[in-house]
Amino acid sequence: MAEIQGKVWKYGDNVNTDVIFPGKYTYTVSEPAEMPKYALEDLDPEFAGAVQAGDVIVGGTNWGCGSSREQAVVCLSEAKLGAIIARSFARIYYRNCLNNALPAIVCPEAVDAIENGENVTIDLENGIITCQAGKFSFPPLPEAVMEIFNAGGLIPYTKKRLSESN
Amino acid sequence: MSQTFAEKILAKKAGLDYTVPGQIVEIKPDVILSHDNTAPIYGLFQRMGGEKVFDPDMHAIIIDHATPAPSTKHAENHRIIREFVKEQGIKEFYDVGRGICHQILVESGLALPGEVVLGSDSHTPHAGVMGAFAAGIGRTEMASIWAIGELWLRVPESLKITVTGELGEGVTSKDLALTIIGDLKSDAAIYMSVEWHGEAIQALPLSQRATLTNLMAEMGAKNSFIPPDKKVFRFLKDRARRDYEAVYPDDDAKYIREVKYDGGSIEPVVACPHSVDNVKPLSEIRGTHIDQAFLGTCTNGRLDDLAAAAAVLEGKKIADGRRMIIIPASEAIYLAALQAGYLETFLKAGAVIESPGCGPCMGNHMGVPAVGEVSISTANRNFRGRMGTKESEVYLASPAVVAASAVAGVIESPANL
Ligand code: SF4
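Each protein sequence line maps, in turn, to chains A and B.
First residue of the first sequence: 5, per the numbering used here; consecutive thereafter.
First residue of the second sequence: 316, per the numbering used here; consecutive thereafter.
These are computed hints drawn from the structure, not numbers from a lab.
Any given hint might turn out to be false.
Computed list of lysine to any residue pairs in SDA-like fashion (alpha-carbon distance at most 20 Å, straight line) [unchecked claim]:
#1 164/A x 546/B
#2 164/A x 341/B
#3 500/B x 92/A
#4 343/B x 92/A
#5 705/B x 26/A
#6 705/B x 164/A
#7 327/B x 18/A
#8 546/B x 481/B
#9 164/A x 467/B
#10 406/B x 555/B
#11 500/B x 18/A
#12 163/A x 355/B
#13 500/B x 17/A
As the structure is a computational prediction, the values presented were derived from the model and not from experiment.
Please work from the sequences and hints to get the whole structure.
As structure tokens, then:
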């Protein structure tokens, strides 16, 4: 996976899945491609219209808490978000990110240093975030997870492994 | 290198000498659990190109969330599961009425010390009561395990809870767990492995210990572990499906946080609407009106829970205009309660007894509240809307308090009846 590069959208602590992807859409919007339109609707109304491929969300503690709805990840991965950097993630949200090939990076030092709106670069393989304030490192993702990323998510990854074993 | 339970068992399963928190490992679980969601997982499995499951003997499939089927749609779901189980040659299948998945895993000797259990249900940490590493996962992940037999796991940080002394008269492990969740708050153990230590924990019977591991899901835990002791080994003597080898943390393992409680300081408590960490002493909220009392669920639907309620209800009547619903957590518990005479006590008191399953716990059927009504329940969750309608309130308490409240018509302590 190449380097990730984009503009930062910075938010606070305990951002829950309800404001990332409102519950009222969970049964009415089922096409993944439609989901980015409603991303962060109740947190930042500007986000959905302005987010660019490669942009990076920086959140505080417990990003993605609340329900386990996968749409709260898909609405961002479909928008081609580059990564989410947070102080910590809600467990299921973290798993949903990695399984949907959206890098979820835990790096409290970077969260403190990065300013809203600045440009950052992330090197996933070596675990380095570069921002105006300098370089920050995080544990690089292991090969097994990189393979899931490279395949485009857990479903295509499993498909690939199944067809290889047959 | 000294390790916590989680670090050690995941290292062992991944074939490593040790692991550290944050590390990602690939694991082949010993047991995988799915319930009524088996049918949608099957759909995902087929989308992945799956035909035959990797290993039918890994599976434990229990239909429990909406049983017996409340609608044709649910019945169709059950039918798909039965066909899937047959076609794949899955032996550990429990059809409607056998019990709640977490109770079945323990009771049937499927969850064993030193093994890894992954389940597509958020209360899978329950099985940690047997000394297993047990964690909940998503449906897509479950489908992927069905196909390739393994999954990545992040090695969790560990939180150590030590409870010294012993719990007082009339105080249960439900009160202990709710007190801790109220103090530490519902985000205290996100992604963590929660270990229980201390003589107050050792003194608890297994069913009460299971309430602790079960409720740790409400603090965000990935898994929860109680070191298996003689009580566990005795319980498993004629049940365990395989030989097993228990795994214990090292004495000098490093925890991200350690908390200590004195068992004697715990008093009866109630979790108030609308979050499990909104915990108040029972003495403070006595007198709160209730419409319905619910005794059951994987948290508190076991034999000693029914016994505690029967002791309160013996010779008494449910209050006018109130109702009480009782659901034993498994068929075995149902039978034992029958033999012990509890069911007669319940019926004479005016309670409704239903067949084993989850029932109204998550608002599916068999006794959901009306708009504006208040329930008191022995379950583990009271989020807004959990029992069906957003316009209702749910209080959580121990079985004896739920029974006493049914008799009083308001939240009440059994000591004051
Ligand atoms: S009883 Fe309630 S908490 Fe337990 S498995 Fe069933 S729905 Fe989930």
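Taking the hints in turn, this is what the structure says about them:
Simply put, residue 164/A and residue 546/B have alpha-carbon atoms about 45 Å apart, too far for the 20 Å limit, and the pair is violated. With a C-alpha separation of about 17 Å, the suggested pair residue 164/A and residue 341/B falls inside the 20 Å cut-off, and the hint holds. Proposed proximity of residue 500/B and residue 92/A is supported: the alpha carbons are some 16 Å apart, at most 20 Å. Of the supplied pair hints, the one linking residue 343/B and residue 92/A is violated, its CA atoms being roughly 26 Å apart against a limit of 20 Å.
In summary, the hint linking residue 705/B to residue 26/A is supported, as the alpha carbons are separated by about 16 Å, within the 20 Å threshold. Under the criterion of a C-alpha separation no larger than 20 Å, the hint pairing residue 705/B with residue 164/A is inconsistent with the structure, at around 43 Å. For a cut-off of 20 Å, the pair hint linking residue 327/B to residue 18/A is broken: about 34 Å separates their Cα positions. A C-alpha spacing of about 17 Å is found between residue 546/B and residue 481/B, which places the hinted pair at or below 20 Å, so the restraint holds.
A threshold of 20 Å between alpha carbons decides the hint, and for residue 164/A with residue 467/B the separation of about 16 Å falls inside it, so the pair holds. Under the criterion of a C-alpha separation no larger than 20 Å, the hint pairing residue 406/B with residue 555/B is consistent with the structure, at around 16 Å. Proposed proximity of residue 500/B and residue 18/A is supported: the alpha carbons are some 13 Å apart, at most 20 Å. For the proposed pair residue 163/A and residue 355/B, the alpha carbon gap of about 17 Å is at most 20 Å, so the pair holds.
Distance hint between residue 500/B and residue 17/A is fulfilled; the C-alpha atoms sit about 15 Å from each other, no more than 20 Å.
In summary, the numbered hints that this structure violates are 1, 4, 6, 7.
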